[in-house]
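As a plain string of letters, each chain reads:
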Amino acid sequence: MLKQIEGSQAMAQAIALCRPEVICAYPITPQTHIVEGVGALVKAGELQDCEFINVESEFAALSVAIGASAAGARAYTATASQGLLFMAEAVYNAAGLGLPIVMTLGNRAIGAPINIWNDHSDAMAMRDAGWIQLFAETNQEAVDLHILAFRLAEELSMPVMVCVDGFILTHAVERVDIPDQAQVDSFLPPYDPVQVLDPDHPASIGAMVGPEAFTEVRFLAHYKQQQALRLIPAFSGELAKIFGRACGGLLRPYRTEDAETIVVAMGSVCGTIKDVVDEMRDEGVGIGVVSLVSYRPFPVEELRRILAPAKNVVVVEKSIAVGVGGPLADNIDGALRNLDGRPRLHSAIAGLGGRPITRASLRRLFRMAVENPWQGAHFLDLNEQAVGREIHRVRKIRRSGSTAENILRQLAAANPLPPG
Amino acid sequence: MTQAKTLQPDEARQKLKFYQKGTFTVGNRLVSEDERSVQASEDRSNALTSGHRACQGCGEALGARYAIDAAMRATDSDLIAVNATGCLEVFTTPYPETSWQLPWLHSLFGNAAAVATGVAAAMRVKKKKTRVIAQGGDGGTTDIGFQCLSGMFERNDDVLYICYDNEGYMNTGVQRSSATPPAARTATTPAVGPAPGNVFGTGKFLPKIAVAHNIPYVATATVADLHDLERKVLKAMSIHGARYIQINVPCPLGWGAASCDTIKLARLAVESGLYPIFEAEHGRVTSARKIRKQVPVRDYLKLQKRFAHLFRDGVDDPRVARLQAICDAHIAEYGLLGDEDEA
Amino acid sequence: MFQIRIHGRGGQGVVTGAEMLSVAAFIEGRHAQAFPSFGSERTGAPVVAFCRIADKEIRLREPVQDPDCVILQDPTLLKVIDVFSGLKENGYLLVNTNKSFDELHLRGVVEKLPEGHAVIVPATDLALKHVKRPAPNAALLGAFAALTGLVNFESVTRAIAEAFPGRVGEANIAAAQEAYDLVRAQESAATA
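Protein chains in written order, with numbering that gives the first Met the number 0: chain A, 0 to 419; chain B, 0 to 342; chain C, 0 to 191.
Same shape as in the complex, but just chain A (with noise of 0.2 Å):
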């Protein structure tokens, strides 16, 4: 059914509808409108056969979920930001024991300094834990990518992680067709565990392993999230059979047919992104772009083949690791690894804490990556003057206080209040 409707009750409802049997809550911006939506349908009696525990912090919330789901029980929880690292140990943990977990992160930087706004970087923290990634464009996908989730998880025994967009997405009314209940039940089948805490069939999980086999037991998880590289297109596939219209999906590649400059990003900007293809594109400039919705696993044989023919690779993400660069240019270039004649890969870092990513600077940085390529990674809209001052000051002063509030202070200073 077609609503207008906010992102993130958009996605209680299809979350719902996945029928999940606990599902834990601990606020925190901005996901907490949907924990909230779900919360409010249990409550309500219109999700039935479904316990909403409030619990104490993040890492319990995770760990409410690791016990609900070994108990054979569909679990589900959100968090963003902070939340994720506060629970960080248990989201290494649920992947390790091959629960089938299906979490929302609502994507949102993290501190110091405290910033509650979206960018990647909780996402990117917990990368390598085990977890399987999708990142939502629009609130239609995320709602989609919900129940695939459910299903993906439950068939690998591996749980899955929806980024989307914290405010861009979460907080946005839009255009959303929400499945109906038969929709949503012919394509996911009651959680059948493949390991579960039964009195009947005593087993003991969660035993420790020496090095006589963590590396095969690492391998295995391994070789398991590969297996989502097929299984996502065929669930995107068979839901897109029962919804009428595209799904899911590893990633997207729009007009890069034939592009000299290809982009690659994820989550919301690729939709500005898709705008300033199409007025290139009018321009006559040879340019396309992939929404890679699977970030893990990561499609490396998609992205070697649609990326091959380009000339220039610009990847646009919303994280910095620290000291190194983009992760995602990182990982782009792997998948580009001992390709002959490979394109240049540009890689630019933007919307930092909820920066807005504009049509204006993207339009400027893909001339940039053809006209006046840069080496490393590139700040998009870096405010260069108020950066230069502050490391000449660092310089100048040894008691040169927090880097955070000098640069506040130097805006203040750029930007006065009108007089009134």
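Think of the hints as simulated: they come from the structure by calculation, not from any bench. Keep in mind it's a predicted model, so treat the numbers as computed, not measured. Hints may contain errors.
Stated by the list, open to error - Not everything, but these chain C residues come out facing chain A in the computed CB check (under 10 Å):
1) Glu18
2) Val22
3) Ala31
4) Arg60
5) Val109
6) Asp180
Ideal Cβ placement from N, Cα and C applies to all residues, glycine included.
With chain A's structure known, arrange chains B and C on it following the hints.
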């Protein structure tokens, strides 16, 4: 003398007043079938079966076997256990072997209470009667697992949490925990300098914190009184909601004691007043195990190398008196002296 | 694509206003996107919300920088931020006030816009009259429908009723109706 009538655990405790010489253990052969311990039964579950890798004289292995077997009997073996990281987890499950004869899950060090909440929620939603126990050492309970534990208490989740308190991080090589007694030597509170051993802080006696949550049942127990331990577990399993039992389990390795002295040390911890044994329901202490004859704490301390620095050169360190004062305060607070019937 | 930027203060229903506007457009079968300026706004703090309306899927996620219409819910913001930033030459301006453009020193801004593209409406007064709360958003949507003709008043009333079921919705619709009528009257006075 045998009783014709079947006694309830509480009743049995009051009626049995005879002891074997030198111990507080009531011999099973002296009581009727119904009053005998779960361990005395041929059909005990052996939930923690032989072959595990605990040290000789491990108090935790003993306590866990009695506790879980009692819980197995109470639930007709319809039970799931969640285990925090620690000695108990490590010595029972060296992959691919396991000593556990019940479904058992180990997730992390600090989240056993929350994981158990999740298991209990799954049982509720699946409309199963299966009961849930969480267990861990004092580090996993009073320190790193404290937040999850308090949350489980506050929500009154249907979980019995058992803490095997050996007063330190024994699994990692005997470091100090918030349950380590003052003056005790550990790897992180070495017996050197002007104030050797652990600090005299304010203490963190988790059973009192549990009582403050007003949960339905809180008890302390000891491996020196296994009848009492079993009775408390049986009682806990007859109640729904959040329950907490903390069992004092001497650690020969960590305490620097002889393996054969585990029970003796546990008994002295109780009889000195250092480890009060009591029960509380819904925020109120309902009974305390009386001390038959108060023992100076010195007798308890002297058996352990972790306190050896208090007795150097044949002179008692002044801090022995401070520990004695702690014992005396416990005795006064819980009314540990006097006739048992007054309890 | 038509882009609207709403400026107000926390507690004035700025975000809800943008959402209701998007619902009104949705009801008419169009694509619409409403989103707030994202922040931990407390009551009284400056708040911005955005709405885009188009006949095809809206992919753009940047904040509205070149609005076709600015709705100013609280003129005290004129001293704090540049609410007209990027307003298109042929754009619209809707101001909630019981003063005149001259009293607000906005004559210069209004004169740059086409004739009849800038109106004032005492939306807070209307809200207090009908809803008994100083939440001018619904009234402003009624005025918006009259000013731009972008959405039907019918759709606006349905969107308001969806957001505020029952009597609160009815009261808000009454406020919107009066605002709508006021603007229509200004327009006919101007053309007469």
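Query raised in the report: Tell me, which hint numbers fail for this structure?
Result: Checked against the structure, the hints that fail are numbers 5, 6, while the rest are satisfied.
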